Amino acid sequence: MKKALIYLILTISVISLSVEKLVVYTYDSFVSGIGKEIVPIFEKKYGCKVELLSFGDAGTVLSRLMLEKNNPKADVIVGLDQALLIRAIENDLVQKFKPENLSLLKYPELYNEYGTPYDFGAIAIVYNKEKIKNPPKSFNDLLKDEFRGKIVVEDPRTSSTGLSFLLWTIAAFNEKYLDFWSKFKDNLLTITPGWDEAFEMLESGEADIMVSYATDGAYSYYYYGNVKYVPVILDEGAFVQVEYASLVKNAKNVELAKKFIEFLLSDEFQEKVPLNQWMLPVTNVKLPEAFKYVPEIKKVLEIKNDIYKNQERILKEWSKEVIGG
Amino acid sequence: MVKRSNWWLIPITFIMGGVVLPFTFLFIKIGGINIKSISDNFNIIKFTIYQAFISSILATVIGLPGAYIVARTKMNNYLKSTFRILSAIPFILPGVTMSIGFLMTFGNNGLITKFLKLFGFNQRLLYTFSAIIIGHVFYNFPLFIRIVGETWEKIDSSIIESAKLDGANNLLIFFKIEFPLILSSILKAFLLTYVYTFTSFSVVLILGGIKYSTIEVAIYMYTKILFDFKSALTLSIVQIISISLISYILSFEKHTFLSGKSLKEKFPIWGYFYLFLTTIFIFIPLIYSLLSGFIKYGGGFGIENFKLLFSLDLKRYIGTSFQSMIIFTLIFSISASLLTILISTIASYYNIRKKLKLEYIMLIPAAISPVTLAFSYIAIGISQFIAIPIIYSLISLPIVFGIISSGWKTLDEFSEEAALIDGANSFILNFKIRIPQMKYHILTAFVYAFTLSLGEMSATITLSTPPVSTFSISIYRLLSSRKIPQARALNSIYSIIVLILFLIIEILRNKNKND
Numbered sequence: 001m002k003k004a005l006i007y008l009i010l011t012i013s014v015i016s017l018s019v020e021k022l023v024v025y026t027y028d029s030f031v032s033g034i035g036k037e038i039v040p041i042f043e044k045k046y047g048c049k050v051e052l053l054s055f056g057d058a059g060t061v062l063s064r065l066m067l068e069k070n071n072p073k074a075d076v077i078v079g080l081d082q083a084l085l086i087r088a089i090e091n092d093l094v095q096k097f098k099p100e101n102l103s104l105l106k107y108p109e110l111y112n113e114y115g116t117p118y119d120f121g122a123i124a125i126v127y128n129k130e131k132i133k134n135p136p137k138s139f140n141d142l143l144k145d146e147f148r149g150k151i152v153v154e155d156p157r158t159s160s161t162g163l164s165f166l167l168w169t170i171a172a173f174n175e176k177y178l179d180f181w182s183k184f185k186d187n188l189l190t191i192t193p194g195w196d197e198a199f200e201m202l203e204s205g206e207a208d209i210m211v212s213y214a215t216d217g218a219y220s221y222y223y224y225g226n227v228k229y230v231p232v233i234l235d236e237g238a239f240v241q242v243e244y245a246s247l248v249k250n251a252k253n254v255e256l257a258k259k260f261i262e263f264l265l266s267d268e269f270q271e272k273v274p275l276n277q278w279m280l281p282v283t284n285v286k287l288p289e290a291f292k293y294v295p296e297i298k299k300v301l302e303i304k305n306d307i308y309k310n311q312e313r314i315l316k317e318w319s320k321e322v323i324g325g
Numbered sequence: 001m002v003k004r005s006n007w008w009l010i011p012i013t014f015i016m017g018g019v020v021l022p023f024t025f026l027f028i029k030i031g032g033i034n035i036k037s038i039s040d041n042f043n044i045i046k047f048t049i050y051q052a053f054i055s056s057i058l059a060t061v062i063g064l065p066g067a068y069i070v071a072r073t074k075m076n077n078y079l080k081s082t083f084r085i086l087s088a089i090p091f092i093l094p095g096v097t098m099s100i101g102f103l104m105t106f107g108n109n110g111l112i113t114k115f116l117k118l119f120g121f122n123q124r125l126l127y128t129f130s131a132i133i134i135g136h137v138f139y140n141f142p143l144f145i146r147i148v149g150e151t152w153e154k155i156d157s158s159i160i161e162s163a164k165l166d167g168a169n170n171l172l173i174f175f176k177i178e179f180p181l182i183l184s185s186i187l188k189a190f191l192l193t194y195v196y197t198f199t200s201f202s203v204v205l206i207l208g209g210i211k212y213s214t215i216e217v218a219i220y221m222y223t224k225i226l227f228d229f230k231s232a233l234t235l236s237i238v239q240i241i242s243i244s245l246i247s248y249i250l251s252f253e254k255h256t257f258l259s260g261k262s263l264k265e266k267f268p269i270w271g272y273f274y275l276f277l278t279t280i281f282i283f284i285p286l287i288y289s290l291l292s293g294f295i296k297y298g299g300g301f302g303i304e305n306f307k308l309l310f311s312l313d314l315k316r317y318i319g320t321s322f323q324s325m326i327i328f329t330l331i332f333s334i335s336a337s338l339l340t341i342l343i344s345t346i347a348s349y350y351n352i353r354k355k356l357k358l359e360y361i362m363l364i365p366a367a368i369s370p371v372t373l374a375f376s377y378i379a380i381g382i383s384q385f386i387a388i389p390i391i392y393s394l395i396s397l398p399i400v401f402g403i404i405s406s407g408w409k410t411l412d413e414f415s416e417e418a419a420l421i422d423g424a425n426s427f428i429l430n431f432k433i434r435i436p437q438m439k440y441h442i443l444t445a446f447v448y449a450f451t452l453s454l455g456e457m458s459a460t461i462t463l464s465t466p467p468v469s470t471f472s473i474s475i476y477r478l479l480s481s482r483k484i485p486q487a488r489a490l491n492s493i494y495s496i497i498v499l500i501l502f503l504i505i506e507i508l509r510n511k512n513k514n515d
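First to last, the sequence lines map onto chains X and W. So in UniProt numbering, spot 88 of the first sequence is number 88, and the numbers just go up one at a time. So in UniProt numbering, spot 113 of the second sequence is number 113, and the numbers just go up one at a time.
Chain W on its own, in the form it takes in the complex:
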């Protein structure tokens, strides 16, 4: 064990300096809060909390069987890899891309709608409360596959085998042995889902029809339409409090060590049914979203959009050359990802090994709308070159923290102690023992942080001034110049990059397991 350790101050300082301080500064600058905005938006606040709960519960119900089949069954390897890759992507898709996918699947002329009509089912799925929930499950159930699945896979098979020898059935084994071991992961995924659905915006407005709205919409209205920063800040504070409170209640870490290989059961019959359902509700919209770049203006499929994109004088529309746009994007996203991983590694170490309840603090950034955060950075006068990477890093912190935490749990403390007895210093401990064992988690975390940074739009637009331009701003600028086909093409390129990145981690992961 590392003796003198005050390293936990680093993540605390990062959150304080990156979120609390700028917020306090904004608070002073705009002269306080407006309590009335809470009562004015009471119904919206209630609905926000309600839908976040329902969505999180449903994402748990849908996510857990998925986590089970990837972690504990003998599923065909290619099928499993495809399932894992596809289920990872919705989470990082931008709102517009997602909505195209949903419209093409469940809309008027949607594939599923047509299919259901064959059976005489004419009920509309979109523009209802259920549609919001489906959208939220679509976005967030991947978290369960990743976070719960990773832990589940590490439950030592010998524990389960011995229970079986004692005559326990699968259900009993699940509730008595596995459930307690994966509970903290379930809660972590549940919390993240709660946080992300709480701050949801496009899904609620587009899929829910005219009747529903969330706090995030109200914050946006106060900030960007009414310029009532006091009310916006008040609601942001309500949001932060609701989220940290629930995460404080739900967060706990049980001291468990899991690093075995789980027992693989026969692929269950219901597994096929499950795959069928997830294909319909999640993968079909996803495929459409990914292919949206190939949908021509005015209908039909083709590569016209890409031709238009590459024949366009891009510099004119995106404010910088294609090359420097890529360079800016890479510099911002990579530096943000490295920063997030560093902070998360330290924070989750203390959370898991030292039982410091840092978890709910790490979730705070997710509770803040990036636009409000961007405004507070402008108010202080922080340069865009520093502000953008910090905001990216804050945005990805909650999920990266979740992934790295699973990593810490799979580390064998006994081998660490043995190494220390053998005279290993903390350098050897970290670089020879910990990092090699956690490399897959670190890599996964990197891909998530990187893709989330790549996709961030609202704060980047608020902060960046020429010559800075990134991938996401370029899409936005093309859209706002009405270059819809080109924007769609660029968006598909973005999605394909993401797809490739997840493919790479999947390959490395399989390689890692075979080593």
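Bound conformation, chain X alone:
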């Protein structure tokens, strides 16, 4: 009996050693959403085991990587956006990689040598169409008196959505973004710590306009069959949030990690992006019907890299202008 047990343990350990294991760090909703669907496909294809680990949001994942820097457990990190990717590069946490199937990218300009884009989406102003008859079309419209006390935004110091919106205003106004905020703050009802609280305010009729995502309309159509909260991409141009997958520096399983990143560009993965991630795919795959409610991105606003590097200064300027301290 005892012997049999020892044999069993031995066999199991031999099998588990012979199967390669890829460790992927990502945020929660990736694991629960698209991750669940694509991991089995990848595992079957390459005869390996993929361990998808999540620690809350992408920011938390990055800090985890920072704390494990000398002894990284992850091979791939999935979900860094532009701002976070720059942090990761500055801290020497990721390495360069050019996927072989890079030509599949519909928008090659999204590629960064340290990160392969796998989806993207735009920040949008979302309004309650039952309450707002004359919705804002541009940033200047947002300053109109009729919207006074009707808008909520997320705090850029605590929310990635809020931070993206702040970056959007910088992309639209450059150095003059604080002038916009000094007027805009009079129209704000309040700032919330995160997206959820802002959405609650929209839902409870407390606010009529919030900062959210361009795919909100598609989401609401898909699940509830109607679009009560309508997204608008302001005329000045869209601020696009790109999500990257990167090879972790000193990763143990480099070859498999590369295969995984390349897999993210495959049709198998990209086709699942819209309805799981509620973002836009980066390659030429067909979009589901609900996505006709996503406003078209006519012009993409660029942001200089040094803006990302100076986030601390920007957040300070912003708090000084808006909070006053």
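The hints are simulated quantities; they were obtained by calculation from the structure and are not laboratory data. On a predicted model such as this, the values are computed, not experimentally measured, just so you know. Check each hint, because a few of them may be wrong.
Claimed, not checked - Across the chosen pairs, the derived CB separations fall in these ranges:
#1 X/I132 with W/K114: 17 to 27 Å
#2 X/N70 with W/G17: 15 to 25 Å
#3 W/L111 with X/E51: 47 to 57 Å
#4 X/L53 with W/G260: 53 to 63 Å
Quick reminder that beta carbons are idealized off the backbone N, C-alpha and C, glycines included.
Assemble chain W onto chain X, guided by the hints.
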């Protein structure tokens, strides 16, 4: 009395090992602090201290009459029980749930707003400094009902009766007799309120509008947006120092023994007014918060959210099956609660009986943002199975310590001495005399520790990796997958569990009193 006693080392070791050591480790790992962050955030630090003081003073002013009516008046028993249960709940509600309640009450279309408009009152209550204070009073005045009320109820009626015979009026009795006896409880509740409002986050941001912000927000920003751990740690240290300093100044224990039954006065006229006001400002938002699961996506009431929740492939969204999620939640919360009670019982024994000033040390955990603590555990490499229960236990330590302390105060030292003379050993002393007398306090402490653990979100998210999932993470994961209706339903289930737990202690308490 227990002779050879170095048991006080246990709580000290727990705080040292659970908080100070990990913090020191993080400090070394990230290479020091950044003093500049203090001057950068000077205004925020000032505001944090200021609002915490105002909030604590107001919570005292609102809390004390409440403590009086439950402890010293002949209030209708059912009314009293309802009041006690409802007043206990705000304290353990998560921020999002609370904000729904406030919006539905004081917001644009809120019940109270509409009511006030009937009388031509159009002033907005939300998004002002007052709203922050109302929110903080809502969260913290229960502490006064519990901690002060428990002590007040034990003031022997004969003391007050004899004072009355001597011709003293109620006011004089209050200031000369009762106040000195309940002062240390008032200070304890005041301190806890100060600590919790000092580290407040959602209430200040959501209810206060755009002008206000606390140190906790800055710490969050440095940790999660800027990855400037040095500045985050510096501000955490500022927070710990401000809190331990004030608690050191305010903490004192007078050697009093209270185990009588207090004199019950006639329910006062102002009591009705008081109940009316607390109903408006506290219970209406609370009821809305509890019912938020029944508010449909897009408006209206119904059970759609629950239908959606139970038809959802939960495993996919919460990372584990519903059953194992419940098991993880229970294991973590129960082990944390037991640990907290053990530590608090030992610490408050020394605090009250031996006059070791352990109180301000027990408050330290409340001064630390759970996220920072979680990071330091990751830096050391402590497994989530150990880290999560320890953090839960640290979070509930200050309040549990407060509750168990009231318990120690009601123990009759003379009967303990008599038992010792009769040859009782410390086992008999603890299990036959002390624990039976304190069982209600221990139970209350357990429910608080348990529900606080159940509701903890930020540290759990940072620490847990699959297959571990808890109630709070499940709510978070549903929210982050935009499953708002399902998250609301789960949140209401959470609130209902809490409600039931408090109902149970209330029933046991009444039974206990009738025994």
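47 to 57 Å as the expected CB spacing between X/E51 and W/L111, which holds or is violated: holds, 50 Å
Range agreement (Cβ of W/K114 with Cβ of X/I132, hint 17 to 27 Å): holds, 22 Å
Cβ distance range 53 to 63 Å for X/L53 and W/G260, holds or violated: holds, 57 Å
Consistency of beta-carbon spacing, W/G17 to X/N70, with hint 15 to 25 Å: holds, 24 Å
In this structure, none of the earlier numbered hints is contradicted; all agree with it.
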